[in-house]
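Q: Protein chains in written order, with full-length UniProt numbering: chain G, 18 to 226; chain B, 18 to 226; chain C, 18 to 226; chain W, 18 to 226; chain Y, 18 to 226; chain Z, 18 to 226; chain P, 18 to 226; chain X, 18 to 226.
A couple of the hints might just be wrong.
As the list claims (entries may be wrong) - With a cut-off of at most 20 Å between alpha-carbon atoms, the simulated SDA-like pairs for lysine to any residue come out as follows:
1) Z:K31 with Z:R88
2) C:K31 with G:A223
3) W:K31 with X:S100
4) Z:K31 with B:E75
5) X:K31 with Z:E75
6) Z:K31 with Z:E57
7) B:K31 with B:T99
8) C:K31 with G:E182
9) X:K121 with X:T48
10) Z:K31 with B:K31
11) P:K31 with Y:S174
12) Z:K31 with Z:G71
13) G:K121 with G:D74
14) P:K121 with P:E75
15) C:K31 with G:S100
16) P:K31 with Y:D142
17) X:K31 with Z:D74
18) G:K31 with P:E75
19) Y:K31 with C:L134
20) P:K31 with Y:E34
21) Z:K31 with B:T99
22) C:K31 with G:E57
23) C:K31 with G:Y177
24) X:K31 with Z:A67
25) Z:K121 with Z:A59
26) X:K121 with X:T99
27) B:K31 with W:S100
28) Z:K31 with B:D124
29) Z:K31 with Z:A59
30) X:K121 with X:D74
31) Z:K31 with Z:V87
32) Z:K121 with Z:E57
33) P:K31 with P:R55
What the hints assert, rightly or not - Which bits of chain X does chain P cover? Going by a derived footprint, with three or more residues having C-beta under 8 Å, they are:
34) 164 to 174
35) 185 to 197
36) 216 to 222
None of these hints come from the bench; they were simulated from the model.
Note that beta-carbon positions come from the ideal geometry of N, C-alpha and C, so glycine has one too.
Each chain, letter by letter, is given below.
8 protein chains.
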Amino acid sequence: RRQGLPEVVYGPGKTAEQVVGIVRGLLAANTGPVLATRIEPATAATVLDAVPDGTYDERARLLCWRPAPVRAVRLVVVTAGTSDGPVAAEAAAVATAIGLDVTKVEDVGVAGLHRLLRVRPVLADADCVIVVAGMEGALASAVGGLVAAPVIAVPTSTGYGAALEGVTALLAMLSSCAAGLTVVNIDSGFAAAMAAHRLAMKIEPARKP
Amino acid sequence: RRQGLPEVVYGPGKTAEQVVGIVRGLLAANTGPVLATRIEPATAATVLDAVPDGTYDERARLLCWRPAPVRAVRLVVVTAGTSDGPVAAEAAAVATAIGLDVTKVEDVGVAGLHRLLRVRPVLADADCVIVVAGMEGALASAVGGLVAAPVIAVPTSTGYGAALEGVTALLAMLSSCAAGLTVVNIDSGFAAAMAAHRLAMKIEPARKP
Amino acid sequence: RRQGLPEVVYGPGKTAEQVVGIVRGLLAANTGPVLATRIEPATAATVLDAVPDGTYDERARLLCWRPAPVRAVRLVVVTAGTSDGPVAAEAAAVATAIGLDVTKVEDVGVAGLHRLLRVRPVLADADCVIVVAGMEGALASAVGGLVAAPVIAVPTSTGYGAALEGVTALLAMLSSCAAGLTVVNIDSGFAAAMAAHRLAMKIEPARKP
Amino acid sequence: RRQGLPEVVYGPGKTAEQVVGIVRGLLAANTGPVLATRIEPATAATVLDAVPDGTYDERARLLCWRPAPVRAVRLVVVTAGTSDGPVAAEAAAVATAIGLDVTKVEDVGVAGLHRLLRVRPVLADADCVIVVAGMEGALASAVGGLVAAPVIAVPTSTGYGAALEGVTALLAMLSSCAAGLTVVNIDSGFAAAMAAHRLAMKIEPARKP
Amino acid sequence: RRQGLPEVVYGPGKTAEQVVGIVRGLLAANTGPVLATRIEPATAATVLDAVPDGTYDERARLLCWRPAPVRAVRLVVVTAGTSDGPVAAEAAAVATAIGLDVTKVEDVGVAGLHRLLRVRPVLADADCVIVVAGMEGALASAVGGLVAAPVIAVPTSTGYGAALEGVTALLAMLSSCAAGLTVVNIDSGFAAAMAAHRLAMKIEPARKP
Amino acid sequence: RRQGLPEVVYGPGKTAEQVVGIVRGLLAANTGPVLATRIEPATAATVLDAVPDGTYDERARLLCWRPAPVRAVRLVVVTAGTSDGPVAAEAAAVATAIGLDVTKVEDVGVAGLHRLLRVRPVLADADCVIVVAGMEGALASAVGGLVAAPVIAVPTSTGYGAALEGVTALLAMLSSCAAGLTVVNIDSGFAAAMAAHRLAMKIEPARKP
Amino acid sequence: RRQGLPEVVYGPGKTAEQVVGIVRGLLAANTGPVLATRIEPATAATVLDAVPDGTYDERARLLCWRPAPVRAVRLVVVTAGTSDGPVAAEAAAVATAIGLDVTKVEDVGVAGLHRLLRVRPVLADADCVIVVAGMEGALASAVGGLVAAPVIAVPTSTGYGAALEGVTALLAMLSSCAAGLTVVNIDSGFAAAMAAHRLAMKIEPARKP
Amino acid sequence: RRQGLPEVVYGPGKTAEQVVGIVRGLLAANTGPVLATRIEPATAATVLDAVPDGTYDERARLLCWRPAPVRAVRLVVVTAGTSDGPVAAEAAAVATAIGLDVTKVEDVGVAGLHRLLRVRPVLADADCVIVVAGMEGALASAVGGLVAAPVIAVPTSTGYGAALEGVTALLAMLSSCAAGLTVVNIDSGFAAAMAAHRLAMKIEPARKP
Ligand SMILES: Nc1ncnc2c1ncn2[C@@H]1O[C@H](COP(=O)(O)O)[C@@H](O)[C@H]1O
Ligand SMILES: Nc1ncnc2c1ncn2[C@@H]1O[C@H](COP(=O)(O)O)[C@@H](O)[C@H]1O
Ligand SMILES: Nc1ncnc2c1ncn2[C@@H]1O[C@H](COP(=O)(O)O)[C@@H](O)[C@H]1O
Ligand SMILES: Nc1ncnc2c1ncn2[C@@H]1O[C@H](COP(=O)(O)O)[C@@H](O)[C@H]1O
Ligand SMILES: [Mg+2]
Ligand SMILES: [Mg+2]
Ligand SMILES: [Mg+2]
Ligand SMILES: [Mg+2]
Ligand SMILES: [Mg+2]
Ligand SMILES: [Mg+2]
Ligand SMILES: [Mg+2]
Ligand SMILES: [Mg+2]
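I would like the entire structure built from these sequences, with the hints used as guidance.
A: Now the structure itself:
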């Protein structure tokens, strides 16, 4: 595997047959987890038939073989509303598949601060927080102000009009007044999970006695 | 005055002499307040010399003659940091000059939610709230979720890079998940005060016995 | 209900079953109106079957249960042409459902000023005016110059080419030379109605003897 | 002269010496008017010293030699406010120099429709109308709805924030609901005058007995 | 009819029944031509069944009743390639329906200057030229340099990538180095024809003895 | 200090006197490092006179009091050319001031891959890598492919034309094919250092015996 | 043929019948290769039935008649991943059809520099290199730094979010720090092949003894 | 020298002392030409004092030491107007310094096609053509249609309003209907010259017996 990161197949534009071929190759060449992202249900069924022992998470659109055992690195994935759910699901499913200890916190938007404040203990416990938010993306700033841990913000393309298919949330997160937030591409739960994995590879060995 | 709104001179692109001429005309034609916005200090000094009984608010860059007496409509102007100060000052000074009862709340950004929650009683008491915020503009969403009163959001051009000179805050406020926020142009403390004035003209007579 | 505003379900991305579940929860938890916006006809039929006593406004794409009784706050919804109709319908239907006294004024574009001037008495009577306009959005400036009441402008995504799916109308309304206009997101009849509701909550108690 | 249009020197980026040289060449090669646009006062003074019998219009920043006699084609240049004045001045000065019979109508914005309606007789008399407007550019739509003559809209870069240095007015004019408006580049009073000139060359000979 | 322009129904978003109703109303209220633009073939068939004596131009997607007799004003519609054909067809069909004497010139792009130069006599004869061009829109500059008549440029949304759905051609035409070009909205053959009609109404009476 | 992060004063828009006041307050209220970013040399001199024991890094434009002792967390700051130097200097100086063990690697652009490959051992040793790059920002992708550690990309506003003042590098970094890169705002060496600090606070205690 | 370049039919917006007609005309009028680009499989089948002796490359969506014999000019087409494949296929197929000696190099992205360095001998041998890359387009910079030959970069619309349908790769390639890269339109394998052909027409005769 | 290209110092952001240091290093390390671009006159004077035997081209803002002897590769640099002159000067001066045989053709815009057609023999003789054009950039399409040689288009930032500081010309050139044009960054005469140099290195040896 390149530099310790799992090889992940990107589904769009590939036929089920192409995915089968690449996945088989990766399973043979490595011993760790093998993933395929953004796979539609019909494609997933065909691929799982051809390559045994995999699982499919429909909400996350993720295929997974040989998931990693859970490591002692706590990731919290926070999201504001139901519409950002699929992106949060991708982040959580990819992170779980590569061995992070994932907790999901849902329905905590900035328009209802008390719900956000109630989950503060869960956030305080995290080694890393992924914030998934669309529309104005303000949740990232609020979480960034509550925790000292690394915060990875994922803008989503939910919303309409001035939300500009995620560009507004992206720009807002990059301009956040909460210091030290980092940002990944629009709708990329995958990228956020991989960024968390890079952190985990540094934190985990440090913890080992 | 057109439709009950004060006539206000827009300073940029006008010489001190032009401002003097227009202000004199308005003072003669009406009996209410006369304002000039975005006036630089040197111009202000010249104009005040030529047209007596005016005052100049340097932070707000506002000239004012014949301010209105305070009316029973409470406006709160909220801002996150010192860099948004001049725009908040313009909103507050214009609103005061046209008779609103203005309270300023400063330094309450979303990256420090407890300071924002501490001022909740002040917000709860408002007939109208103006939120002035740059960068990602998230403060508008948080305030919009805390109060039931009309909230007018003013994006500012503070920040750099992805803040896009206020465009990011503007788009974020328009995309806010807090229902029923309204938005005015970037850096327009003036427009927000005028929008509050339109509200006040409806609320105040309703209150009179 | 959060801060006195009605909870409103946002339809896109939710199955009929999910809408049913959320609406049932809200009806049980509150006593006021419950709404669901942007609901397609087929979904609406399924939801109405499952949750009795609701109504569906197809043009507005709005589901409503327990509408509020009409309050003494007059809202006028103005629109220029037939293509902006669905957005105006959403604004009017949401506002009616939450108790505003709504009048609709249609087919009064700036390219035919005399029709607009003919409706001036209706506008003069309003506590609040919502202007729904696409293309260049000039109607908002014209109405803003005719009335002293609060004016909430809703840009729509009608038009083609340089209309940029509503962005042009949005920018034009924010840049309007009519002082004190406020603006909400593109196509958001819902947001405009909620902004009017915030205002109504301030006017109505003041009017009560 | 190329295809019957006057040769006009574009000033920016040229030294006074370069302008002198080009103007001398054009005066020698042709017999009609010679113009230089966007010339700053200091440059203008130097050029006028070197090339006799010219005039300089400071507001329009236009140098002119051998203006054409007035032709029987009536052009009206309409503008909303003082800040659009320099662009309107350029349109009027260029048009006058090339022989159009120009009337200026000022201070008629859409936020004050009655002033606009008062000048309707002047507009009705025009062979061509140039509308110069910044901010949201709504004046072009209103004028386009009032007259049947050709209307040429010039967006200006006045305004701030969402006015986007004239781009908003440009897009709004192109999206106008008034049928058959045409548009030229931002701040280009020159282009509008030249477009009027193209029209005049068709109308005038037709009128001659 | 408003200010002498024909009333034209804009098809998108209207059912065949709605179009029938509006067209019947306009035929009854006026005596001149009645048009409906952007009508799909199926809708057109239904409408023509219900409202007799109309014609449908499928390429132009135009319905027409009571076309005007041909007037002595020559319009040339120029286009570079087959992909801009439908927009040129709309311009020509609308212009013909309202009485202009239309000539079409096709397949003369700037990448083949000799074909363009060959049609110069046709262009020289025009009272007005409409240039329809997509991609980089350079044809408008070339034609603008060849003729002294009014030139109306219509950018089209043909092309891909950097053509940005017509925005590139629009910006290029507005920035053209050919003086006095005017521009209408992307793909709006209709707007160009209406602009030509405004010109024709000035040129034609001037010609009459 | 809020959530364990150092309080840092943002210089732009503040007078030397304001900076002095805020820094004094922070030095009195906390015991850790106190920083002020984006301070021009003249302001820095005045502030250092008034508040003893500080240092000024002119390239980084950073004022610092009470720097933290070096911690066992290795940060590498990589940059391609001399023009990105000031942003890299800010990242390195802020990170050093808050206790990270910083190594700088310069002049390793993707147009000269061998220089980049030569520094691979230094990169392999890092706990975290900050990549500062302007123009097309490709260096971030190349580094992201070489190391497994967390990579924080900082786009800079160097370059011209299509570099769009850093927006191109920003978008490119967000779209990078190297999995798990994270990105901060344009020119924000500060944000990158703070993101590294959040990570360090997780790694360091884990490492302590 | 115009200036020595092959005439190529652009498929989109044309019916199979139109393509047949144009291709027949070109085959009759010239003796060299005739191509049609962006042809869907169904259209291709119909056209090949009607016009004998052609071939269809489905991946490249290219129809070809009378391909040119291979000339002594070596073109290498480089691409990073499978998703950019169709654009690379178009570049290679068009170039082959017009007589270039084409080698394809695949799966060499900047996130895996060693694979890129392994193909250096192939690149060193090229007379011209076409780099096809989407997302952040960094591959063009890396190749531009490795070879002295002309490099033509083709941005592709693969990727999502911040990739902005190819605009990010386009801007990045134009801003590349590798000196002397040139760029063509997004997804235009065709344009790149034609640019290579222009070069080949200069190299080849020079090589002939 | 990297891959056969001359090393060129990029002036902006460097002090005269820094330029002196880098140039001395390059002169010592190589034997070929050494250039420094975008150097202001004052800096140039200082550098030439310190590093003997250099020359400065003020219009091109180029410093050059050890220019290459002229090679048998003909480059023509075409430009439309005087305002694009500095960029054309940079292209010509850099190309001359690295040994190309440069001819300049000026003042041939598309609005005057006959002047362009008159220079056709010069263009026909070129091994490579660089077209420098601002505003709508249409000259590149016209030249691309006239010659079969490689054409490199350089958009410039001249013009105003819709010219968008060169972005319009850039997009127009990329969208050109002339097949096989390639494009470099806005205002980058340097990049165009380097692209021509890459071509020359292939053409020249092919020519040698
Ligand atoms: N959802 C995703 N978003 C972005 N990149 C991805 C995603 N899934 C996989 N990748 C990356 O895509 C590359 C594989 O692409 P491919 O060879 O087309 O399957 C690997 O570098 C993965 O890290
Ligand atoms: N049409 C709409 N546009 C914008 N926001 C809406 C709309 N309808 C409901 N909402 C808001 O969406 C939130 C509910 O979202 P959800 O939980 O996804 O149903 C509430 O805050 C509503 O105020
Ligand atoms: N193709 C078109 N593009 C732009 N405006 C049009 C078009 N066709 C008709 N119109 C205008 O649309 C208005 C009629 O719109 P409607 O009432 O929705 O049919 C009239 O003002 C027409 O001038
Ligand atoms: N005018 C210019 N535009 C773009 N790149 C340039 C220019 N002049 C020099 N360069 C490139 O800049 C790099 C040198 O940058 P520097 O090390 O900052 O002097 C070299 O790769 C040159 O090819
Ligand atoms: Mg959200
Ligand atoms: Mg702020
Ligand atoms: Mg409208
Ligand atoms: Mg104006
Ligand atoms: Mg075309
Ligand atoms: Mg760089
Ligand atoms: Mg790629
Ligand atoms: Mg030019």
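Q: Next step is simple, just say for each hint if it's right about the structure.
A: Hints, one by one, checked against the model:
1. A C-alpha spacing of about 32 Å is found between Z:K31 and Z:R88, which places the hinted pair above 20 Å, so the restraint is violated.
2. For the given pair, C:K31 sits about 44 Å from G:A223 by alpha-carbon distance, which is inconsistent with the 20 Å threshold.
3. Proximity of W:K31 to X:S100 is assessed by CA-CA distance (about 8 Å); at most 20 Å being required, the pair is judged to hold.
4. The hinted pair formed by Z:K31 and B:E75 meets the criterion: a straight-line CA distance of about 15 Å does not exceed 20 Å.
5. The suggested pairing of X:K31 with Z:E75 holds, with an alpha-carbon distance near 16 Å, which does not exceed 20 Å.
6. Taken as a hint, the Z:K31 and Z:E57 pair is honoured in the structure, with Cα atoms around 11 Å apart against an allowance of 20 Å.
7. Of the supplied pair hints, the one linking B:K31 and B:T99 is violated, its CA atoms being roughly 29 Å apart against a limit of 20 Å.
8. For the proposed pair C:K31 and G:E182, the alpha carbon gap of about 18 Å is at most 20 Å, so the pair holds.
9. Distance hint between X:K121 and X:T48 is unfulfilled; the C-alpha atoms sit about 28 Å from each other, more than 20 Å.
10. Under the criterion of a C-alpha separation no larger than 20 Å, the hint pairing Z:K31 with B:K31 is inconsistent with the structure, at around 28 Å.
11. Straight-line distance between C-alpha atoms of P:K31 and Y:S174 comes to about 16 Å, which keeps the hinted pair within the 20 Å bound.
12. The straight-line distance between the Cα atoms of Z:K31 and Z:G71 is roughly 18 Å, inside the 20 Å bound, and the hint therefore holds.
13. At roughly 15 Å between alpha-carbon atoms, G:K121 and G:D74 fall within 20 Å of each other, so this suggested pair holds.
14. Note on P:K121 and P:E75: the hinted pairing holds, with a Cα-Cα distance of about 17 Å set against a maximum of 20 Å.
15. The hinted pair formed by C:K31 and G:S100 meets the criterion: a straight-line CA distance of about 8 Å does not exceed 20 Å.
16. At most 20 Å may separate the alpha-carbon atoms for a hinted pair to count; P:K31 and Y:D142 exceed this at roughly 32 Å.
17. Pair hint X:K31 plus Z:D74 holds up; C-alpha atoms about 19 Å apart against a cutoff of 20 Å.
18. Between the alpha carbons of G:K31 and P:E75 the distance comes to roughly 15 Å, so the proposed pair stays at or under 20 Å and holds.
19. Of the supplied pair hints, the one linking Y:K31 and C:L134 is violated, its CA atoms being roughly 27 Å apart against a limit of 20 Å.
20. Taking the CA atoms of P:K31 and Y:E34, the gap is near 32 Å; set against the 20 Å cutoff, the hint is violated.
21. Between Z:K31 and B:T99, the direct Cα distance comes to roughly 8 Å. Compliance with the 20 Å bound is thereby established for this hinted pair.
22. The suggested pairing of C:K31 with G:E57 holds, with an alpha-carbon distance near 18 Å, which does not exceed 20 Å.
23. Among the hinted pairs, C:K31 with G:Y177 is consistent with the structure: their alpha-carbon atoms are about 15 Å apart, no more than 20 Å.
24. Note on X:K31 and Z:A67: the hinted pairing is violated, with a Cα-Cα distance of about 32 Å set against a maximum of 20 Å.
25. Between Z:K121 and Z:A59 the CA atoms are separated by roughly 27 Å; this puts the pair beyond 20 Å, and the hint is violated.
26. Our distance criterion of 20 Å between C-alpha atoms is met by X:K121 and X:T99, whose separation comes to about 13 Å.
27. Pair hint B:K31 plus W:S100 holds up; C-alpha atoms about 8 Å apart against a cutoff of 20 Å.
28. The hinted pair formed by Z:K31 and B:D124 meets the criterion: a straight-line CA distance of about 15 Å does not exceed 20 Å.
29. Pair hint Z:K31 plus Z:A59 holds up; C-alpha atoms about 13 Å apart against a cutoff of 20 Å.
30. Distance check on the hinted pair: X:K121 and X:D74 sit about 15 Å apart at the alpha-carbon level, within 20 Å; holds.
31. For the proposed pair Z:K31 and Z:V87, the alpha carbon gap of about 30 Å is over 20 Å, so the pair is violated.
32. Taking the CA atoms of Z:K121 and Z:E57, the gap is near 23 Å; set against the 20 Å cutoff, the hint is violated.
33. At roughly 11 Å between alpha-carbon atoms, P:K31 and P:R55 fall within 20 Å of each other, so this suggested pair holds.
34. With 6 residues having a beta carbon nearer than 8 Å to a beta carbon of chain P, the segment 164 to 174 of chain X meets the requirement of three or more and the stated coverage holds.
35. Coverage of the segment 185 to 197 of chain X by chain P holds in this model, with 5 residues showing a Cβ closer than 8 Å to a Cβ of that chain against a need of three.
36. With 4 residues bearing a CB less than 8 Å from a CB of chain P, the segment 216 to 222 of chain X meets the requirement of three and the coverage assertion stands.
Checked against the numbered hints given earlier, this structure breaks hints 1, 2, 7, 9, 10, 16, 19, 20, 24, 25, 31, 32; the rest are met.
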